[in-house]
Amino acid sequence: MVQHHAPAPVNMAHPWKHHVDRFCRQYLQLEPSLDFPPAEYLKLDTVQELIYERLFADDALLYAPPDRYRLRTLKQLIARIEASIDDWDEHAVSDNLMSLLPVLLSAPLPSEAASVQQKHYVTYSLSLLDRGLGESDEAPSITLLENRSLISAGGTTGLRTWEAALHLGQYLCQNPSVVAGKRILELGAGTGYLSVMCAKYLACRHIVASDGSDDVINNLPDNLFLNSLQDSPLVTPMDVKWGHALVGTEDQQWNEGQSIDVVLGADITYDRSNHPALVGTILDLFELHPDVEVYIGATQRNEQTSQVFLDTCKRSGLTVDDLEYPVMSTKRQQGPFYNDRDPIHIYRSSNRPAYGLDATNVASQGLVASRVKRWRPCNRAPLPDVMSGGGVTLEAPCRQDAASTDVNPVPSGRRVMGANKALRWTSIAADYWWPEHRRVRGPGTSQRVNKLVPARRDVASLWGAGEHG
69 MVQHHAPAPV
79 NMAHPWKHHV
89 DRFCRQYLQL
99 EPSLDFPPAE
109 YLKLDTVQEL
119 IYERLFADDA
129 LLYAPPDRYR
139 LRTLKQLIAR
149 IEASIDDWDE
159 HAVSDNLMSL
169 LPVLLSAPLP
179 SEAASVQQKH
189 YVTYSLSLLD
199 RGLGESDEAP
209 SITLLENRSL
219 ISAGGTTGLR
229 TWEAALHLGQ
239 YLCQNPSVVA
249 GKRILELGAG
259 TGYLSVMCAK
269 YLACRHIVAS
279 DGSDDVINNL
289 PDNLFLNSLQ
299 DSPLVTPMDV
309 KWGHALVGTE
319 DQQWNEGQSI
329 DVVLGADITY
339 DRSNHPALVG
349 TILDLFELHP
359 DVEVYIGATQ
369 RNEQTSQVFL
379 DTCKRSGLTV
389 DDLEYPVMST
399 KRQQGPFYND
409 RDPIHIYRSS
419 NRPAYGLDAT
429 NVASQGLVAS
439 RVKRWRPCNR
449 APLPDVMSGG
459 GVTLEAPCRQ
469 DAASTDVNPV
479 PSGRRVMGAN
489 KALRWTSIAA
499 DYWWPEHRRV
509 RGPGTSQRVN
519 KLVPARRDVA
529 SLWGAGEHG
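Okay, so the sequence shown: first residue is 69 according to this note's numbering, each after it adds one.
Possibly wrong hints are sitting among the right ones.
[Claimed, not checked] The calculated SDA-like cross-link candidates involving lysine to any residue, where the alpha carbons are at most 20 angstroms apart (straight line), are:
1. LYS268 with THR304
2. LYS187 with GLN97
3. LYS309 with ASN342
4. LYS85 with LYS268
5. LYS309 with TYR338
6. LYS399 with ARG409
7. LYS382 with ARG340
8. LYS250 with ARG273
9. LYS309 with PHE293
10. LYS309 with ARG273
11. LYS399 with HIS86
12. LYS399 with TYR109
13. LYS309 with GLN326
14. LYS250 with MET306
15. LYS187 with LEU177
16. LYS187 with ASN286
17. LYS382 with ASP339
To be clear, the hints were calculated from the coordinates, so they are not data collected in a lab. Keep in mind the model is a prediction, meaning the values are calculated, not measured.
Let's have the full structure, built from the sequences with the hints guiding it.
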């Protein structure tokens, strides 16, 4: 079912307030193109003074935009006010605004080239959380230090907040139960937008803000400070490199043994070369935390890249659902603001039964079925392409306890028996574990599989939607 955004409330007493709020929020987000209030409102003294008090007064903002942006916006604002006035005896340009103009004009400004290299304060308004606020109250917001033009020498894109993070944040604002009271891991945290949101406004129990870039990890404390989270026990920055083992390293327990309930990721699928490592890390997280749910926001800049990610998930046995949460049109957005030209998907993956195996039929085979949700091989590395031509060295059969990540050896030649069922797991190169012998029953069919299955895709095609036993 498609979930739609709630419409913004309209203040009937002051019909201009909606337009002023939108303009101010765009300004604080450093939007390159601003929607100024209509001329009929812009010429009003009340509107001009409100804009000045909220954006340009000396004590208006704790973290103001750069002076170059302030000057450009002020010049455009004054020009639009002048154009809106049709009776100069009745209306005029605010003295406060006019007095500020020469101050900014005389201030030393960095060159355009230097400005591109600098970080600036960007404030995102969370309009979906401002329902029921008083007339003078502002929407909850997140302020971050960003560089929207610079990609670091290490190639990281984590120095700015991307559209998929804003969109996934909107989804979470409308569905706070996804994270409320839960332990969260954010993959590719970047500026920390989602981590800050979950800790500051969505009542998560704890969140690990992880990234594989040293630049990003080093910048996260600054953004936590800007949002009064510098001393909070709710947020922990962590270096997590996709594809690197989470277990079996020098650490006895990953994340100090703390559980993870939800994994978040935004705009982490744009580079198809990273898909195998990303999916491998997600699979490792399912091994560690069988009940975890994964939510990924992905901008579809290239349809082929999006499909490659989904195909990689499918080959790995991951069930992925598109939650169909459409992007609100830019004209209706009240903050945060992001373009509506490219589709942005929100994918959800949970540890559901794979290959038709669920807790019931796993238990019927004599395997431990406590908290079973997915049955999978132990190792995630690509399989060697030797399955059909022989040459595979078989080792001792074993069973994998479906309720844990332990591999428990079974004496050579034995089968794990139960209720007229038999299942043998054999080890091949790279420590993969695959069924060697299994009866497959579907609607009107009966066939016996007497071979090693080379890929999860083939297992799925054999086991389809029928009864498997």
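Status of the hints after comparison with the structure:
For the hint pairing LYS268 with THR304, the CA-to-CA distance comes to about 13 angstroms; that is within 20 angstroms, so the pair holds. Between the alpha carbons of LYS187 and GLN97 the distance comes to roughly 13 angstroms, so the proposed pair stays at or under 20 angstroms and holds. Between LYS309 and ASN342 the alpha-carbon distance is near 11 angstroms, which keeps this suggested pair within the 20 angstroms criterion. Restraint check for LYS85 and LYS268: the C-alpha separation of about 26 angstroms exceeds 20 angstroms, so the hint is violated.
For the hint pairing LYS309 with TYR338, the CA-to-CA distance comes to about 16 angstroms; that is within 20 angstroms, so the pair holds. Distance check on the hinted pair: LYS399 and ARG409 sit about 12 angstroms apart at the alpha-carbon level, within 20 angstroms; holds. Between LYS382 and ARG340 the alpha-carbon distance is near 15 angstroms, which keeps this suggested pair within the 20 angstroms criterion. At most 20 angstroms may separate the alpha-carbon atoms for a hinted pair to count; LYS250 and ARG273 meet this at roughly 5 angstroms.
With a C-alpha separation of about 24 angstroms, the suggested pair LYS309 and PHE293 falls outside the 20 angstroms cut-off, and the hint is violated. Straight-line distance between C-alpha atoms of LYS309 and ARG273 comes to about 24 angstroms, which puts the hinted pair past the 20 angstroms bound. For the hint linking LYS399 to HIS86, the alpha-carbon distance of about 12 angstroms falls within 20 angstroms, and the restraint holds. At most 20 angstroms may separate the alpha-carbon atoms for a hinted pair to count; LYS399 and TYR109 meet this at roughly 18 angstroms.
Our distance criterion of 20 angstroms between C-alpha atoms is met by LYS309 and GLN326, whose separation comes to about 18 angstroms. This hinted pair checks out: LYS250 and MET306 have alpha carbons roughly 18 angstroms apart, not beyond 20 angstroms. The hinted pair formed by LYS187 and LEU177 meets the criterion: a straight-line CA distance of about 15 angstroms does not exceed 20 angstroms. Between LYS187 and ASN286 the CA atoms are separated by roughly 14 angstroms; this keeps the pair inside 20 angstroms, and the hint holds.
Of the supplied pair hints, the one linking LYS382 and ASP339 holds, its CA atoms being roughly 18 angstroms apart against a limit of 20 angstroms.
In the structure shown, a violation is registered for the earlier hints numbered 4, 9 and 10, in ascending order.
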